[in-house]
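Q: Below are the chains, spelled out letter by letter.
8 protein chains.
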Amino acid sequence: MENENRNSLDLGYANLDLDRKRRTGAGEVIFGQSKDSEQIAGILTGFWNSGEKNVLVTRIDEEKAEAVKALLAGHSLADRFQYFPDARIALLGQNAPADGLGPIAVVTGGTSDIPVAEEAARTAEFLGNDVIRVYDVGVAGIHRLFDKLELIRSAKVVIAIAGMEGALASVVGGLVSAPVIAVPTSVGYGASFGGISALLSMLNSCASGVSVVNIDNGFGAGYQASMINHMK
Amino acid sequence: MENENRNSLDLGYANLDLDRKRRTGAGEVIFGQSKDSEQIAGILTGFWNSGEKNVLVTRIDEEKAEAVKALLAGHSLADRFQYFPDARIALLGQNAPADGLGPIAVVTGGTSDIPVAEEAARTAEFLGNDVIRVYDVGVAGIHRLFDKLELIRSAKVVIAIAGMEGALASVVGGLVSAPVIAVPTSVGYGASFGGISALLSMLNSCASGVSVVNIDNGFGAGYQASMINHMK
Amino acid sequence: MENENRNSLDLGYANLDLDRKRRTGAGEVIFGQSKDSEQIAGILTGFWNSGEKNVLVTRIDEEKAEAVKALLAGHSLADRFQYFPDARIALLGQNAPADGLGPIAVVTGGTSDIPVAEEAARTAEFLGNDVIRVYDVGVAGIHRLFDKLELIRSAKVVIAIAGMEGALASVVGGLVSAPVIAVPTSVGYGASFGGISALLSMLNSCASGVSVVNIDNGFGAGYQASMINHMK
Amino acid sequence: MENENRNSLDLGYANLDLDRKRRTGAGEVIFGQSKDSEQIAGILTGFWNSGEKNVLVTRIDEEKAEAVKALLAGHSLADRFQYFPDARIALLGQNAPADGLGPIAVVTGGTSDIPVAEEAARTAEFLGNDVIRVYDVGVAGIHRLFDKLELIRSAKVVIAIAGMEGALASVVGGLVSAPVIAVPTSVGYGASFGGISALLSMLNSCASGVSVVNIDNGFGAGYQASMINHMK
Amino acid sequence: MENENRNSLDLGYANLDLDRKRRTGAGEVIFGQSKDSEQIAGILTGFWNSGEKNVLVTRIDEEKAEAVKALLAGHSLADRFQYFPDARIALLGQNAPADGLGPIAVVTGGTSDIPVAEEAARTAEFLGNDVIRVYDVGVAGIHRLFDKLELIRSAKVVIAIAGMEGALASVVGGLVSAPVIAVPTSVGYGASFGGISALLSMLNSCASGVSVVNIDNGFGAGYQASMINHMK
Amino acid sequence: MENENRNSLDLGYANLDLDRKRRTGAGEVIFGQSKDSEQIAGILTGFWNSGEKNVLVTRIDEEKAEAVKALLAGHSLADRFQYFPDARIALLGQNAPADGLGPIAVVTGGTSDIPVAEEAARTAEFLGNDVIRVYDVGVAGIHRLFDKLELIRSAKVVIAIAGMEGALASVVGGLVSAPVIAVPTSVGYGASFGGISALLSMLNSCASGVSVVNIDNGFGAGYQASMINHMK
Amino acid sequence: MENENRNSLDLGYANLDLDRKRRTGAGEVIFGQSKDSEQIAGILTGFWNSGEKNVLVTRIDEEKAEAVKALLAGHSLADRFQYFPDARIALLGQNAPADGLGPIAVVTGGTSDIPVAEEAARTAEFLGNDVIRVYDVGVAGIHRLFDKLELIRSAKVVIAIAGMEGALASVVGGLVSAPVIAVPTSVGYGASFGGISALLSMLNSCASGVSVVNIDNGFGAGYQASMINHMK
Amino acid sequence: MENENRNSLDLGYANLDLDRKRRTGAGEVIFGQSKDSEQIAGILTGFWNSGEKNVLVTRIDEEKAEAVKALLAGHSLADRFQYFPDARIALLGQNAPADGLGPIAVVTGGTSDIPVAEEAARTAEFLGNDVIRVYDVGVAGIHRLFDKLELIRSAKVVIAIAGMEGALASVVGGLVSAPVIAVPTSVGYGASFGGISALLSMLNSCASGVSVVNIDNGFGAGYQASMINHMK
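Line by line, the protein sequences are chains A, B, C, D, E, F, G and H.
Residues 1 to 232 in my numbering are what the first sequence lists, from first letter to last.
Residues 1 to 232 in my numbering are what the second sequence lists, from first letter to last.
Residues 1 to 232 in my numbering are what the third sequence lists, from first letter to last.
Residues 1 to 232 in my numbering are what the fourth sequence lists, from first letter to last.
Residues 1 to 232 in my numbering are what the fifth sequence lists, from first letter to last.
Residues 1 to 232 in my numbering are what the sixth sequence lists, from first letter to last.
Residues 1 to 232 in my numbering are what the seventh sequence lists, from first letter to last.
Residues 1 to 232 in my numbering are what the eighth sequence lists, from first letter to last.
By construction, these hints were calculated from the structure, which means they are not laboratory data.
Where a beta carbon is used, it is the ideal one built from N, C-alpha and C, also for glycine.
Heads up, a few of these hints could be off.
[To be verified] List time: in silico DMTMM-like cross-link candidates among lysine to aspartate or glutamate, alpha-carbon distance up to 25 Å: (1) D/K64 <-> F/E62; (2) H/K64 <-> B/E62; (3) B/K232 <-> C/D130.
[Said to hold, decoys possible] Across the chosen pairs, the derived CB separations fall in these ranges: (4) F/K69 <-> H/P97: 32 to 40 Å; (5) A/A78 <-> F/K232: 23 to 31 Å; (6) H/Q94 <-> B/R133: 36 to 44 Å; (7) F/S34 <-> A/D36: 47 to 55 Å.
From just these sequences and the hints, can you work out the full model?
A: Put into structure tokens, the structure is as follows:
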């Protein structure tokens, strides 16, 4: 059901697993949400012992990260473990070297979308991409977006993240020639219905070249953006 | 249940009816959708006989308008009856003289929104307003909107009409200093759900100064815009 | 994504920013919900230092307001900061002088709607409007509404606020000649679905001249009402 | 699944069937919607032959009624069969004598609600009740409702029927001391969602003494109103 | 918005208020949910001082009731105040004498529905009705319902309360000749969606003579049942 | 996407295909809905030529069946093709011999559910089962169900089919000791929402031993019932 | 409303109760969710005293189970009471001997589905079935499923449990010849809407032989699977 | 609102328009759905006269295409106009030469999804891509998918198209290392709700590297796939 160990699957069919590895040039990713600190510490230690030194843990809150850190204390990997509270992400080891076609832009409507944006950005960095962060450029003050337009256009893939009415994806989609991955967020209140309003907006985008991932799914956007950025 | 005869109500409380008349300086409005041609011809004749020479009929399709015209043939009001197919509106008599604070802008995302836009525009004109029509300036090609921005800004009230993702309302709302009345339309397919996507977008607009009316309710937007444009 | 700093945007297009300022004659507004006390105190201090002495903070609960107050202690702006718990609003400095076309009426169905109503009322006052508060006049006891009808009719704009079945907007819309901005609230239980029932009622209002904002969006209603009340 | 033959069930438990008959003092009711003209003609003939001379057929359109009439031609019951197009109801025989506690008022918001209202009214008349029809008194022009208030108050049970925002039920519920049965109708467009908006409004009514039946279910309201009007 | 003081409204139109009083022969009812203990204690004292000695408070949890009791300590009404935790109801004074046409049956599908059932039952008793309680007779073990059928049939009005699939209302509606008021409850999990499943079932009941109130609205059912039980 | 050829899959993994064949002892099934008459005639001929003489075609209306028949004219299989309009099913060849553990009961709430019921029944018969049809025993007249209870109890599997409120599944589920497969139908109007109300009821059934298939999915119910009836 | 005592009902019709007992050869089941520890301890003691030594309690959390254990201390049944935290189930006494047609496979998409899976598995074991647990074989890494395919195929009934997109049911349904009972879980976030996404997927499964129970209803799946596994 | 002329926008900002042209190396695209034959013929002629010889028209049914053809008769472009009924697409001129990184695979669950698939495939071909069509490989018969797996894996981008439960996207997403664009279709009945079930499944896909476009939006998927396939 979960996303964990997505890169390390021994699929047993052809050598898909190898393909994926080769393409991303990256380590492992664990979906931390439904795992407790003991489980996470155990998985990290297991990877380390098997030679996999670089692991990303998503959806892990600060308290749980602290608990993992405590459990790793004394182990040789302990000082290679760090936590990024904005992204709710922990990193063991280091990011893959940035070897994509170009930078990926992560653009948000507001500051409240930053946790999702950072999840996307850190994921992309881990998988070997440079990331341009352009936050708080929602369409209600569209000049802020235009101020950053050349920067956004320098990216090979754009991740557009917004809650409430989610209009950012359409506007950005009309302004750039790169593929846009839209991420609706649960930011809002009342008729935003936990992200449904933004989700529907993005699915109905009248701009071409926009596709959508699940509400708040920063990881998914960062992962697919990296895939696209490593096309060859 | 219906909106018909909205201006002619003898409310019996204070002299509200008089107030409404005085404010709009306009004739009567009939909601034509659930009335057949005989009923509409009868109401028009009745108004005419009672001295009300100017009447707007909304939500009347071409076939029904032809039938009304045939029924009125020979009557003295017959050559004062005209039909506007784009707006699905028939007009007996003439519009009130434009005496508002300034023009009202009617802005649409696409050409498919024009029927709703024309309903709003014709309603506003009937009630005594100049109307600026700015159609097909959806946010996926935002330069088209910017090309018309000074024109839109010259209006005292803006009606923003869009289907699909409805992002137009937020973008316009952030660019003008006038009140914006947003009208979601049922234009779209799939996850537009008959206008729900656009409706939710507009209700969640992150721009200030935006309020919303029912899906496809061009009349309601034109009516309230006229109210605001006649503030004194 | 958020509404903060809505009045101070340097839009870089024409001089929209100036227009907005000139029109409202008011200070700045901050959307406090997703900001912590340090952020809010910092923004307030920043505005103060840059010469903006009047700032409204919406969606700030009592505990956070206390924390902001503590952080501001000793600063010259400290004794110009006050909190209104009913409105969940904090005010630095003072309201703009009331210079609208007339008063704005804020009308509620019940006492549970008062937090939303006070958000609307305080916003309107901050932006330079007199406000008439008419609370707890829901349609189930319609005589209470009629008792206050002349008072409501003296307003230039009416904000109608109700939860549950939201019928207030339609009834008030039929009784006044001023524009009505309807605010559905999340008050209710069971099939009120957090305000959806009231929202749908208001969107389907059979009265003309009614438009709608998001569930519980007192700020949005107060802001647009002020816009309309400053038409010229 | 259907409502047909509701009064003639031989329930086999105690003598419920007898009770129901005795209470309503009325004939049989057939739900005509999913039956073709042959089936309906057959059921009518069967009832007639078994001695039941009075039968109501609901949800039968004009074309099907004509077909039934043609099938009955020559039979002794043929000239006792009549059709009421407004109510989409056919009647064989006659109504039960009106022997309730008093009249039942059937009140609608608009003229488009009349088909549902007539279904309720004809059902109540068939089951032995006098009916007061008060149509087109929607809350947007509340003076029309007040003009008829004493008439409505003279009823022992009130059926309140409305589409769009369905506010009529709450307003009427607050003005009368009789039980109110509310019927949402599918009248409306856009966010009325085929009657959902009116349904939710009525379920959330802030007036006491209001209960609700299914969308467009005029029969159900007339049936229960008759039950209440025959309490003893 | 709220239901409070529903019986004491001075409606100012004819003498509706008097009518309601005369009919119910009962005291006042307060909707306690959104009021704090100070407000409730104040309203109770106010009623008492104005001569109204009998007051029902609905939707009041045990903690709040204790707080009200503490506030009333020393006042002459203190020992006339009692709390019924099962019903989440507090009573000042006493019920009206039972003078209805007969008993009201309150029937539930399960034991989890009892809080809603007790709200209905206590409300009906307060308004002058005898109540027959038949709990936990859900249709999955239909023999339990049949065991109590004669008892249920002895009632003049039946309140059918169920969560989950809400089938009880249809089954009971087919077995009794009295009007049935159905109350969906939020009991259930998963696809019960907080009572929506039961609500839809009850609205679609294929039994005649069933109407529905809001989810968990025991008060509303008890109130209307009392109205019907006092028909004359 | 479709169900066609479900039994003839050469899965290539182990010998699943063989297993399925052996278990059902039956011919092929084609989902006719999205196929035109030419396609269906072609598939039938193909099966025939390859030795498969028994084929069931579901979701085929009368007109399309006639067209298929015309296309097959002259072919040796032509007189082995028959159509069952009630079930919207065509059969080439014959049913498998009934070799299940016992009969399968197909029970419906009303007569409008019969098309779905016949689809289930004909499917089960084709797959080698005896079927007991018990139609029009909805819970509003529960004595009709009890009259047939022993008959229903004689079945090894029960398929309970109902629209509107779908209560039949719960009641039947509580009365039999066999597994119950519930089929919601789209029969109803208003708040039945095309079968959603019945679907939710059945999913929330408080009876044990009930599972549910898609709205109107008579085939699916018949297929799984046959699977269960051939357990060994 | 609740499922408790499902096996012990004295239905009074024929000897259904006996049938059920005989079929399952198992003890009693209590739905613990809405019962407190005193109630549960009381029911357990009551069963014990009446001779029923084997009872399963579902939906009971660890804290409540501890409280029950404390209440039973000193009683002769105390050391026959055990708790399974993974399944949120308590067991008094022991499982029925496994006498089904073969094993039941319980298959999950992820590790987060395990609580629901264990509820299903423990229920099936209590009712006299061997259970094969195959967890964390979601379709995104389909090789894990294929690795266990022979094991799954050895089962007579398969319970497929998944959240998020719920695709497991369709894939498994296409690969096995046994009946599949699908259980959607509330595992997921964003557009999984608490299990709705998985529920809809499973209802729309394009594989034959799949039926569905309520979201998170492990008990219901285990119960029906046992029924099917005891067919004879 | 519409997608027409998406490639030819003179955005006036930097030289975005040029960029898009250069990237796609393709002609113009017109969204034909809301345009009549005269409008389409006019736009085609206009493009032709201005030098643009290659134009794709999407969402155009056969009848409308015939009408366009008739209108173009005699014009020099007439014999360069062809219609593809499976795709509901008309083509003026020719596709751009295939110059992408590799082929794009278009995969469907069933044959009913082919119209959407062909819209995607023809769009991609027009924009300069080779397309591999793999139709009718739904997950209920997963061996059909595996039979084509190497073929699918040879693609640089995969478009996965399915209705009903939409599981195809997750399964394919887990088996390939290319980015997957998922297209839900409105194929299905009952609880498929016009594509909502498939849409939710795809948004909740537990496979990484999957993003989603609107229901039935074959064009959008083909367009973005082409973008990705031309990354450099």
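Q: Would you mind marking each hint as holding or not holding in the structure?
A: These are the hints, each one checked on the structure:
1. D/K64 <-> F/E62: 22 Å, holds
2. H/K64 <-> B/E62: 22 Å, holds
3. B/K232 <-> C/D130: Holds, because 16 Å separates the two Cα atoms, which is no more than 25 Å.
4. F/K69 <-> H/P97: 32 to 40 Å: 49 Å, violated
5. A/A78 <-> F/K232: 23 to 31 Å: 58 Å, violated
6. H/Q94 <-> B/R133: 36 to 44 Å: 38 Å, holds
7. F/S34 <-> A/D36: 47 to 55 Å: 48 Å, holds
Against the hints set out earlier in the document, violations occur for numbers 4, 5.
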